[in-house]
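Visitor: Letter by letter, the chains look like this.
There are 2 protein chains.
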Amino acid sequence: MTARVLVVDDIAANVKLLEARLMAAYFQVISANSGQEALDICARSPIDIVLLDVMMPGMDGFEVCQRLKADPNTAHIPVVMVTALDQPSDKVSGLEAGADDFLTKPVNDLALTTRVKSLVRLKMVTDELRLRADAGTDMGIDQLLVAGIDDKIGERGRVLVVDDRVSSYERLVKTLSLEHDVTVITDPQEALFSAAEDGYELVVMSTGLENFDVLRLCSQLRSLSRTRMLPLLLVANPGEDAMLIRAIDMGVNDYILRPVDQNELVARVRTQIKRSRYNERLRESVQQTVEMAIRDGLTGLNNRRYFDSHLESAFDKAQSGGKPLSVLIVDIDHFKQVNDVHGHEAGDDVLREFAKRIGKNVRNLDMACRYGGEEFVLLMPETDIELACIVAERMRREIAAHPFIIDGGTKQINITVSVGAACIDGNSDSKKALMKRADDALYSAKRNGRNQVVSDAA
Amino acid sequence: MTARVLVVDDIAANVKLLEARLMAAYFQVISANSGQEALDICARSPIDIVLLDVMMPGMDGFEVCQRLKADPNTAHIPVVMVTALDQPSDKVSGLEAGADDFLTKPVNDLALTTRVKSLVRLKMVTDELRLRADAGTDMGIDQLLVAGIDDKIGERGRVLVVDDRVSSYERLVKTLSLEHDVTVITDPQEALFSAAEDGYELVVMSTGLENFDVLRLCSQLRSLSRTRMLPLLLVANPGEDAMLIRAIDMGVNDYILRPVDQNELVARVRTQIKRSRYNERLRESVQQTVEMAIRDGLTGLNNRRYFDSHLESAFDKAQSGGKPLSVLIVDIDHFKQVNDVHGHEAGDDVLREFAKRIGKNVRNLDMACRYGGEEFVLLMPETDIELACIVAERMRREIAAHPFIIDGGTKQINITVSVGAACIDGNSDSKKALMKRADDALYSAKRNGRNQVVSDAA
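Order-wise, the sequence lines are chains Y and E.
Just so it is clear: in the first sequence, position 347 is 347 by the working numbering, and no numbers are missing.
Just so it is clear: in the second sequence, position 105 is 105 by the working numbering, and no numbers are missing.
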């Protein structure tokens, strides 16, 4: 866990101090002595984290932060505001400017390295998701993925407080309830269970739990796949440094020391939730985008690219396991006429409805895909040719029996399909040969008058 | 950095020993006392890492490892073989069975926690890329992404050795050269530069560098974006535990102690390269898949989904910066006739060639996309309506002047296009209104006889 840290301060002595401490922890340090210089550096070289002094002549820290966060090219760089201890309102202003964290002067060593580490770790996840690593020449993808991500920020968060001392949790709840929905659980094991089940966005844990090591709970939360990404914040006592270092190393995201400063608590909680929502949406966006790449946009079925890759693994699995694998190629009869007579909209209606009906006829194990135009393929693992033909015949009959509705429900037309079926044939068979036999069978079905199932065994 | 660790050993005392040590480091431990039980546990619950004893009655550790690696559902779980010190050949057999790392009995505390940590960290990157986090119900995506990833494994690796003692690096080179292309650089700063520029797959660093702290080099390598993912392996001396803990914490992937066991070195290097290639390909695969989702398959231009998202940000940018933004909607005249007279193949030829010609007429700043069917859109930032019309007119003329070649070069046909142009109009304008004006202009162009450019200003 190391990183390129940009230290921004107009007073050279402050820069030197932070620089020395960060370098001792093996961070790479770059420095700037004005807001403008900081912006220039971030624009032209990769920076992992910015430590930003608030009070600077000319452009102050808040403005620098605002500008960094407003530019899509730098918005993802974590910014830590370095504020004076006697200016608690700075924390709130910093947050409003989009800062990710705060450090109070004089900067404490523990706070400096743990907070920098925690932010760097988080940024690495974000970077991975943003697909920027070297390949990131096409900024467009990146912009597409993060588009609209800010939408839900500002909604109330769902916070779980784990604490067994009434006076302590009552104070936490009072502060947090202003912006979030807060649940308190006093028993750590019950808390673990609830965290995995109840969809919280942050867990706030007290270090003073009776008869229970809070690090054990942190470890359990970080080990379960459902809570691995859940932000964790510790409320600790001064002097628990060694434990906090261990906690951050374990993946705890942030901590706050007692006596709890209300503004700081509000700010830290807000930041954790905001950041976690950002990564959550980014993850969803990547997932959706990948899903789009394997689906046919019109019918929602898998597309041909996906089929080709899936056939490969299904074929290998069938052959190595000595199990049958059947394939059906299904073609809509006289589909060109549907388009010519009723228009392309009607043709699309037919394709969509057809895909729905196919969906009803397949098991979870099977895979249906739109192979191209009006041609569909059904891949059926662990299915011999007899069973494949029964499924195909049932599908054919179902299509022919019920007319298709087009033009927004105003018309209906009769549709039939021809089906070619083939099954894997011994160890010397190949994917290509299998598809060819199904295709030949389909051709026979067409030639014999359509609206029928033909198998390669026939 | 914590995880669910599965400890597999038929001797209960060995299980207890590892369990105690791992739990002290706050890992979650599950145990199994036979190979079959281990396979069952991995199949039904998420495991982050497996510590696997070699010598077990019935199914031995090699077979368990082989089976885990052969099943696509468990292949990504890192496996550490726990071998006896007097069986160096076990390391090689373990590697052949697909193991990711080795520990020798009696297991040393440092080796145990650092190796487990390093593997867990790597698995988290892989998990993120595999998009398994919770959403991973569609196993198909996962299979698609990893399909064909093993192809290049076995090729010679490119290894950089950083060491300034001749006797030491000569021995490393001799061993590594059997399987890899090895370069030695004695100066750490030169090594850093070369690592960033010369495409190595692994850096092997000696801890005994004269006048240079090797951790500084590790930190630099982990901070540069081009070397951030590069596997790093330290060759250390016994007694350098504190330094090694720090190194692993910093992101160094593995280490080996002097005197260097040749088999172990070969095995560790091979594993690092294999694993890094896997993640590299996975990253490429995700990237490609995401790219596919934003492109039109036929023409290679961006698709409508991408355009919609891009328009949003381009529009906001233009409005906030007070700059013009123009849009052209380009429609191929009488395209239906091309399809009807010459067939769909010819229609596709025309669309592809048309996309190419558009490509020649746009600047890097512009964005061309296939909006649907025979309709294309060109988005032109910082372009007023006069300039947009000049570009449109040039494009229209270029299309009409040179016939399109179809049917594999045997025929050519004349194609014309109609273009509607519009430009952002003040602060009260909206994306929707802008697109509507361009569409209305296109409609006028069609109604006025096609093969012409009409702007909303006209």
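None of these hints come from the bench; they were simulated from the model.
Keep in mind it's a predicted model, so treat the numbers as computed, not measured.
Among the hints, a few may not be true.
[To be verified] Computed from the model, here is a short list of chain E residues facing chain Y with C-beta under 8 angstroms: (1) T2; (2) G58; (3) F62; (4) Q220; (5) A293.
Using N, Cα and C, we set each Cβ at its ideal position, and we do this for glycine too.
Visitor: Which numbered hints does this structure break?
Guide: Hints 2, 3 not satisfied by this model.
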